[in-house]
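Number of protein chains: 2
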Amino acid sequence: MVVKNNEQGVSSLHELLRQRWSPHHFSSRAVGREKLTALFQAAQSAPSSYNEQPWAFIVATKENPEDFGRILAALMPRNQEWAQHAPVLIVSVAKINLDRDGKANRHALYDLGAASAHLTFQATALGLYVHQMGGFSHEKIVEEFSIPEGYEPVAVLAVGYLDEEKSPAQMIRKRKALKDFVFESHWGISSPSLALEDKKGFSIN
Amino acid sequence: MVVKNNEQGVSSLHELLRQRWSPHHFSSRAVGREKLTALFQAAQSAPSSYNEQPWAFIVATKENPEDFGRILAALMPRNQEWAQHAPVLIVSVAKINLDRDGKANRHALYDLGAASAHLTFQATALGLYVHQMGGFSHEKIVEEFSIPEGYEPVAVLAVGYLDEEKSPAQMIRKRKALKDFVFESHWGISSPSLALEDKKGFSIN
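Same order as they appear, the protein sequences are chains A and B.
Residue 143 in this note's numbering is what sits at position 83 of the first sequence, and the numbering runs on without skipping anything.
Residue 166 in this note's numbering is what sits at position 106 of the second sequence, and the numbering runs on without skipping anything.
Since the hints were derived computationally from the structure, they do not count as laboratory data.
Here the structure is a predicted model, which is why all the values come from computation and not from measurement.
Every residue gets a Cβ at the ideal spot worked out from N, C-alpha and C, and that includes glycine.
Please note that the accuracy of each hint is not assured.
What the hints assert, rightly or not - Here are the computed lysine-lysine pairs in the DSBU-like style, where the Cα-Cα straight-line distance is at most 30 Å:
#1 A:Lys236 x B:Lys239
#2 A:Lys155 x B:Lys200
#3 B:Lys95 x B:Lys239
#4 A:Lys122 x A:Lys155
#5 A:Lys239 x A:Lys122
#6 B:Lys200 x B:Lys122
#7 A:Lys239 x B:Lys155
#8 A:Lys95 x B:Lys163
#9 B:Lys163 x B:Lys122
#10 B:Lys239 x A:Lys239
#11 B:Lys95 x A:Lys163
#12 A:Lys234 x B:Lys163
#13 B:Lys226 x B:Lys236
#14 A:Lys239 x B:Lys163
#15 A:Lys163 x B:Lys239
#16 B:Lys95 x B:Lys122
#17 A:Lys236 x A:Lys95
#18 A:Lys95 x B:Lys236
#19 A:Lys236 x B:Lys155
#20 A:Lys234 x B:Lys95
#21 A:Lys155 x A:Lys95
#22 B:Lys200 x B:Lys163
#23 B:Lys200 x A:Lys236
#24 A:Lys155 x B:Lys163
As the list claims (entries may be wrong) - Each pair of labels, with its calculated beta carbon distance range:
#25 A:Ser197 x B:Pro208: 28 to 38 Å
#26 B:Ala164 x A:Arg160: 23 to 33 Å
#27 A:Asn111 x B:Ala229: 45 to 55 Å
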């Protein structure tokens, strides 16, 4: 599959990755039960170090305004402004110690990030959008939901359909060029094994 | 799209997530330059906190046996046994401090995990498989590739085509049930907003 992308020139980026972006304008349309379930089945399917699956999620939908409000109130005010319109908020939580021996799991956050990315792919496939936030009070979330010792809330995900009237039709994706983060043989040496990019970081293959 | 999955009963899990698994048997077939590039374009497309893109990758292919050997030698012996047959090894590296203010980036590993999941999703779309490893010597990798202060190698990814003769036709995915990690209202309370699962954690919708 070859697709055109604003930023990448002609790219073979999968269409679900190309379509994904983090909007600020969500429609009030609810997310159905089956779709919500599919999001967590996607997270469940992620790989993890020692198959520890060091992840948990706290979900709140607009159908339960009290719980929704408890997550919303923990967000930074500038996130509350737009996230209040999303129909679903989800807290992603990492289990920071290993089940196998109780030691620190140095891959807990990495694996949780992968699980959240799986959730997001699935969302995109279902016509949904996800906007993740790091800007929230960890203390408030821990207290509100009685998150126990050994677990750490990491991000809040707003999930829903796009408000197509208020949202821009496309986003511009600002990213570092591959040559600036894909190295070979030595740190800082751009990999010669990749297809050429032009000076703006656009792939020209 | 509704698909049947070994473990989930009838599930709407996207087929690329369903197909993904971490094999131990790679074919010697090389990964072409365009496909290799597409993997990193996928990583590039991942979302990140403050759009910091706190990731870098060191790639080695079998075409460059010296570099390949340097990554391979850093793996734990039990990983070397099978990973030596993969045509590509990639080290994923997190930038642990923020560009914006130099403080610790508490989402660096989370975002790198998402970027690696994007890479893996793209790999699956291209007929490739990825097996990630946490079992390697961080010190050896840092020294061999002169990874500077402020960056941390997190995983090594073996990438390639499946050796279909040696590999099982399917994997069994062992995962916790949704009810054990998707909560609502309070920690440990299974979310009632999801579609029902039976006692084995299989979705029955």
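A quick look at each hint next to the structure:
1. A hinted pair counts as satisfied when its Cα atoms are at most 30 Å apart, and Lys236 (chain A) with Lys239 (chain B) does not qualify at roughly 39 Å.
2. Distance hint between Lys155 (chain A) and Lys200 (chain B) is fulfilled; the C-alpha atoms sit about 28 Å from each other, no more than 30 Å.
3. Taken as a hint, the Lys95 (chain B) and Lys239 (chain B) pair is broken in the structure, with Cα atoms around 38 Å apart against an allowance of 30 Å.
4. Between Lys122 (chain A) and Lys155 (chain A), the direct Cα distance comes to roughly 27 Å. Compliance with the 30 Å bound is thereby established for this hinted pair.
5. Among the hinted pairs, Lys239 (chain A) with Lys122 (chain A) is inconsistent with the structure: their alpha-carbon atoms are about 44 Å apart, more than 30 Å.
6. Note on Lys200 (chain B) and Lys122 (chain B): the hinted pairing holds, with a Cα-Cα distance of about 20 Å set against a maximum of 30 Å.
7. Of the pairs offered as hints, the one joining Lys239 (chain A) and Lys155 (chain B) holds, with about 16 Å between alpha carbons and a cut-off of 30 Å not exceeded.
8. For a cut-off of 30 Å, the pair hint linking Lys95 (chain A) to Lys163 (chain B) is broken: about 38 Å separates their Cα positions.
9. With a C-alpha separation of about 38 Å, the suggested pairing of Lys163 (chain B) with Lys122 (chain B) is violated against the 30 Å cut-off.
10. Restraint check: the Cα-Cα separation between Lys239 (chain B) and Lys239 (chain A) comes to about 43 Å, which exceeds 30 Å; the hinted pair is violated.
11. Note on Lys95 (chain B) and Lys163 (chain A): the hinted pairing is violated, with a Cα-Cα distance of about 38 Å set against a maximum of 30 Å.
12. Distance restraint check for Lys234 (chain A) and Lys163 (chain B): the Cα-Cα separation of roughly 22 Å lies within the 30 Å cut-off, and the hinted pair is therefore satisfied.
13. With a C-alpha separation of about 28 Å, the suggested pairing of Lys226 (chain B) with Lys236 (chain B) holds against the 30 Å cut-off.
14. Proposed proximity of Lys239 (chain A) and Lys163 (chain B) is supported: the alpha carbons are some 25 Å apart, at most 30 Å.
15. Distance check on the hinted pair: Lys163 (chain A) and Lys239 (chain B) sit about 25 Å apart at the alpha-carbon level, within 30 Å; holds.
16. A distance of roughly 15 Å separates the Cα atoms of Lys95 (chain B) and Lys122 (chain B); the hinted pair therefore holds under the 30 Å criterion.
17. Among the hinted pairs, Lys236 (chain A) with Lys95 (chain A) is inconsistent with the structure: their alpha-carbon atoms are about 33 Å apart, more than 30 Å.
18. A C-alpha spacing of about 19 Å is found between Lys95 (chain A) and Lys236 (chain B), which places the hinted pair at or below 30 Å, so the restraint holds.
19. For the hint pairing Lys236 (chain A) with Lys155 (chain B), the CA-to-CA distance comes to about 14 Å; that is within 30 Å, so the pair holds.
20. With a C-alpha separation of about 22 Å, the suggested pair Lys234 (chain A) and Lys95 (chain B) falls inside the 30 Å cut-off, and the hint holds.
21. Between Lys155 (chain A) and Lys95 (chain A) the alpha-carbon distance is near 25 Å, which keeps this suggested pair within the 30 Å criterion.
22. Between Lys200 (chain B) and Lys163 (chain B), the direct Cα distance comes to roughly 26 Å. Compliance with the 30 Å bound is thereby established for this hinted pair.
23. For the hint linking Lys200 (chain B) to Lys236 (chain A), the alpha-carbon distance of about 27 Å falls within 30 Å, and the restraint holds.
24. For the hint linking Lys155 (chain A) to Lys163 (chain B), the alpha-carbon distance of about 23 Å falls within 30 Å, and the restraint holds.
25. Between Ser197 (chain A) and Pro208 (chain B) the beta carbon distance is about 33 Å. The supplied range of 28 to 38 Å therefore holds.
26. Distance hint check for Ala164 (chain B) and Arg160 (chain A): the Cβ-Cβ separation is about 27 Å, which falls inside the suggested range of 23 to 33 Å.
27. A beta carbon spacing of about 20 Å between Asn111 (chain A) and Ala229 (chain B) contradicts the range 45 to 55 Å that was offered as a hint.
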